[in-house]
Amino acid sequence: MSNTKHIIVTGGANGIGRCVAETFLKSGARVSVIDIAEPPYSHECLRFFRGDIADKNVLEKFVKSLDHLVDCLINNACVSRRGILSGCSYEDFEYVQRVGVTAPYYLTSLLLKNNLLAPNASIVNIASTRAFQSQPDTEAYTSAKGGIVALTHSMAVSLGGKARVNCISPGWIDRSASGGNTGESTELSLHDRKQHPAARVGTPADIAEMVLFLCSDKAGFITGENFTIDGGMSKLMIYHGDNGWGLE
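Residue numbers for the sequence shown follow the working numbering, beginning at 1 and rising by one.
Keep in mind the hints are simulated off the structure, nothing from the lab. Nothing here was measured: the structure is a model prediction, and the numbers come from that model. Warning: the hint list may mix true and false statements.
Stated by the list, open to error - Derived lysine-lysine pairs resembling DSS-like cross-links, with alpha carbons at most 27 Å apart:
hint: 1; residue 1: K5; residue 2: K56
hint: 2; residue 1: K194; residue 2: K235
hint: 3; residue 1: K26; residue 2: K56
hint: 4; residue 1: K5; residue 2: K235
hint: 5; residue 1: K113; residue 2: K5
hint: 6; residue 1: K26; residue 2: K218
hint: 7; residue 1: K162; residue 2: K113
hint: 8; residue 1: K218; residue 2: K162
hint: 9; residue 1: K235; residue 2: K162
hint: 10; residue 1: K5; residue 2: K61
hint: 11; residue 1: K5; residue 2: K162
hint: 12; residue 1: K113; residue 2: K64
hint: 13; residue 1: K162; residue 2: K56
hint: 14; residue 1: K61; residue 2: K194
hint: 15; residue 1: K162; residue 2: K64
hint: 16; residue 1: K113; residue 2: K26
hint: 17; residue 1: K113; residue 2: K194
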């Protein structure tokens, strides 16, 4: 019997999702990516399924196409449609929730219903520090991220003995540092870095490595948790003029 792990990454074409998918591929796993955009990378162990996860029919077709048990499900995909100040519509707000909360729930339930979760499976949901703090006019995205945090601990209890469910809340992630580029963007300033006790802005690799850990046997006693990975940014107490922060 093969020991190769089978991974699903939603929104795995670009950004954090791409880095997660590529990190698993480098580890020897087989990865299925579902996204509306085709990944700009290729690998013999990469399988791409084009579709909008906000559509339940797409999720059902995707699950029917699987011919193996799933070891790890990474619910990464989400979108932003602004918020109340810019007139985010009912339809736009509801769409963001379908991508960011409903799809992770329904995809997980389909895998469970069809007996496609491998023994000791791991589910990792990608949230955001915006689930706990906000900028103006971000209600749609912030609500989805708050929802996925709550969904995490709820599913962890429901799936006890079947799968571990954890969540990662990234902070400021420099998405330009992906696709083979492991360094920070040259556009980042000293002030950008000073806003982080870790003295740098995060990269997709910082998140991917945590995903890999949570999907490993080393994390076998961890479930229902949210891990904030933001270089300490949300722990830094700030006043005007401190650490690159200031009022205009």
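Now for the hints, and whether the structure bears them out:
| no. | hint | in the structure |
| --- | --- | --- |
| 1 | K5 with K56 | 26 Å, holds |
| 2 | K194 with K235 | 13 Å, holds |
| 3 | K26 with K56 | 31 Å, violated |
| 4 | K5 with K235 | 36 Å, violated |
| 5 | K113 with K5 | 20 Å, holds |
| 6 | K26 with K218 | 19 Å, holds |
| 7 | K162 with K113 | 12 Å, holds |
| 8 | K218 with K162 | 17 Å, holds |
| 9 | K235 with K162 | 34 Å, violated |
| 10 | K5 with K61 | 22 Å, holds |
| 11 | K5 with K162 | 16 Å, holds |
| 12 | K113 with K64 | 11 Å, holds |
| 13 | K162 with K56 | 23 Å, holds |
| 14 | K61 with K194 | 47 Å, violated |
| 15 | K162 with K64 | 20 Å, holds |
| 16 | K113 with K26 | 30 Å, violated |
| 17 | K113 with K194 | 48 Å, violated |
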